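Novice: Here are the chains, one letter per residue:
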Amino acid sequence: MLRKLLWQSYGKLQMAGATAGSLIGFVLLISISQFWFEMDHVLKTNEDLINPDFIVINKKVSILKTLDVGNTDFTEGEMENIRKQPFADQVAGFISNDFALSAYTESERFPDFYTDLFFEAVPDTFLDVKTADWKWEAGQSTIPIILPQDYLNLYNFGFAPSQGLPQISPSIIRHVNFKISITGKGKQTIFNGKIVGFSNRINSILVPYKFLNWANKEYGKSPEPKISRAVIVSKNPSNPEIAAFLNREGYESIKENLKSSRLNIILKFIISFLGGLGILIIGLALLVFILSFQLLISKSGDKIRKLSLLGYHYREISRPYIYLLSILISLITLLAGFSVLLLKRFFINFSGDWGLELTPGIHPLVAGGGIILLALIFVLNYLAISRQTRRFSESG
Amino acid sequence: MIISLKNFIPLPLYGHKGNSGIWESEEIIFESPRKYLLLASSGRGKTSVLSMIYGVRKDYRGSIDIDSCNSRNFSLKDWSELRKKRLAFVFQGLELFDELSAWDNIQLKNRILHYKSDQEITALAESLEMEGYLKQACGTLSFGQRQRIAIIRALCQPFEFFLGDEIFSHLDKKLEKQCLGIITEECRQNNAGLILTSLHKLEDYAFDTLLSL
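Residue numbers (this note's numbering), protein chains in the order written: chain A, 1 to 396; chain B, 1 to 213.
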């Protein structure tokens with residue numbers, strides 16, 4: 001009878017909204033946490049998930065080669081041989097400068113500096129830096145340059161702190177102007193150098209392929225461009241065939257190990273963002289929940305006062321509200337559990353097609369966390385309801 | 001039960017000229033099973049005294065001791081127990097739930113302790129000529145009818161004092177007499193005291209003490 005009396009001012013739409021909101025937020029949060037664990041699992045079992053992979057190879061350097069007896073350049077025949085390998089989807093040679101090259105600064109803002117230098121170039125499609133500045137046309141006096149990210153890191157986290165020098169952000173470096181002097185075939189030309197980006201993929205000082213090709217013809221000692229290193233794109237870098245081939249031919253490679261872990265970080269970032277969103281939705285739903293109950297109780301304020309006059313304790317009065325709350329929370333728990341399991345089933349079917357293996361069921365941490373969260377929502381609402389019924393009781 | 005008002009005066013009356021001399025007394029004692037009638041014209045503090053004894057209002061000077069305990073220190077739980085088992089109250093404003101039927105209103109009180117059986121309640125309603133209105137929503141009843149429902153409701157609990165605030169104001173002499181008869185009978189069964197307020201004398205019944213405010 002108390003229930004009948006107190007539920008009369010019950011806003012069905014509001015409660016339904018709050019319940020649906022909590023449900024959606026909850027399913028989102030649970031799915032995301034579950035997905036987090038799944039992804040961890042999937043990435044661990046499929047390191048090379050994010051293919052294709054880039055493999056940079058070079059010939060081994062031996063004492064003979066240091067003495068300039070051998071040669072570490074790839075011949076056209078060797079390149080052809082690499083291209084024929086089944087694992088090599090794309091192959092390109094690095095070309096390097098065949099002339100004397102130096103860089104120096106002439107700026108008032110930066111200390112003077114001079115260095116001898118080398119350049120390498122690969123076709124643009126092999127680059128991981130995409131910028132509009134990366135182009136060179138004959139007659140252009142500014143040369144865009146890409147440095148390895150590692151160089152900047154070495155400076156910022158190794159050299160600069162140890163020498164008490166300021167750290168430099170990539171955007172500042174882009175504004176440093178310096179001169180590049182090229183000497184060969186009896187001529188010298190001065191160009192402007194400009195750093196346009198940092199590469200994680202290729203560990204070298206890169207200039208546009210077109211420029212280096214031109215410069216080698218213009219200033220170079222040998223008539224043919226030399227291929228110092230080669231880059232192979234392979235869809236399956238874990239193919240044992242590759243290692244065997246490199247061994248057989250006496251080549252070395254540094255696999256780009258960083259990349260999948262970086263992608264991993266990006267994925268985790270996105271998932272964290274979605275998780276944050278889920279928490280936000282749950283927070284809002286919780287708010288709507290509490291507000292709906294407060295409104296419901298406020299609307300019944302006079303009834304609560306009268307009941308208190310009849311001798312009802314505020315705990316007895318809050319019981320129908322707690323009962324309603326329990327029903328809604330149980331409903332959310334059941335529906336959320338059901339939805340998440342359904343989603344999971346759906347994804348397992350999907351992932352089978354993609355050759356990914358998912359863990360069965362819900363991760364115990366996720367399930368436990370979900371239950372704790374629901375318990376928290378229940379307790380918070382319970383406290384809010386008790387507090388308010390007490391307040392109205394005291395007025396009677 | 002002994003209700004003792006010590007140096008008591010409702011704050012709204014404090015400092016007013018022409019107050020009753022009763023507010024100057026050091027102690028006013030209500031003792032069950034005695035019967036008291038507070039007689040006064042409007043605005044003299046009748047309702048205030050009763051609601052302060054019942055713990056609804058706290059704006060008074062002095063203290064109200066119930067069985068030697070200062071009622072200012074009572075918790076919500078204490079008040080709840082007191083109202084469930086020891087003090088019956090019919091409010092001037094009745095405080096019925098208009099949206100519930102007369103029967104449900106009575107049951108809302110009765111269900112706390114399941115004090116009276118359905119037959120007993122029906123019998124009470126019959127003696128107050130309300131048996132035909134029990135299924136009707138309270139909001140649709142006349143004030144006099146609602147007064148009777150409120151009286152029946154108040155009787156659906158054990159009590160040591162029955163407090164009634166102008167509870168016969170809309171009843172004719174005959175019904176007034178019937179109501180008072182039932183209340184005094186219930187008081188006798190409970191060995192309880194009675195405090196009623198009224199604008200005029202309730203002549204047919206002998207009260208032990210008559211206080212003029």
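No wet-lab data here; the hints were simulated from the structure. Since we're looking at a predicted model, the values are computed, not measured. Beta carbons are placed, not taken as given, at the ideal position from N, Cα and C, and that holds for glycine. Fair warning: there could be bad hints in the mix.
As the list claims (entries may be wrong) - Quick list of simulated restraints, FRET-style, between CB atoms: (1) L376(A) x T140(B): 52 to 62 Å; (2) G361(A) x Q119(B): 57 to 67 Å; (3) Q119(B) x L335(A): 41 to 51 Å; (4) N19(B) x S326(A): 24 to 34 Å; (5) Q189(B) x A367(A): 39 to 49 Å; (6) M1(A) x Q119(B): 13 to 23 Å; (7) E316(A) x K201(B): 31 to 41 Å; (8) K4(A) x S75(B): 46 to 56 Å.
Novice: List in ascending order the numbers of the hints, as given earlier, that are violated by the structure.
Specialist: Failing hints, ascending: 1, 4, 5, 8.
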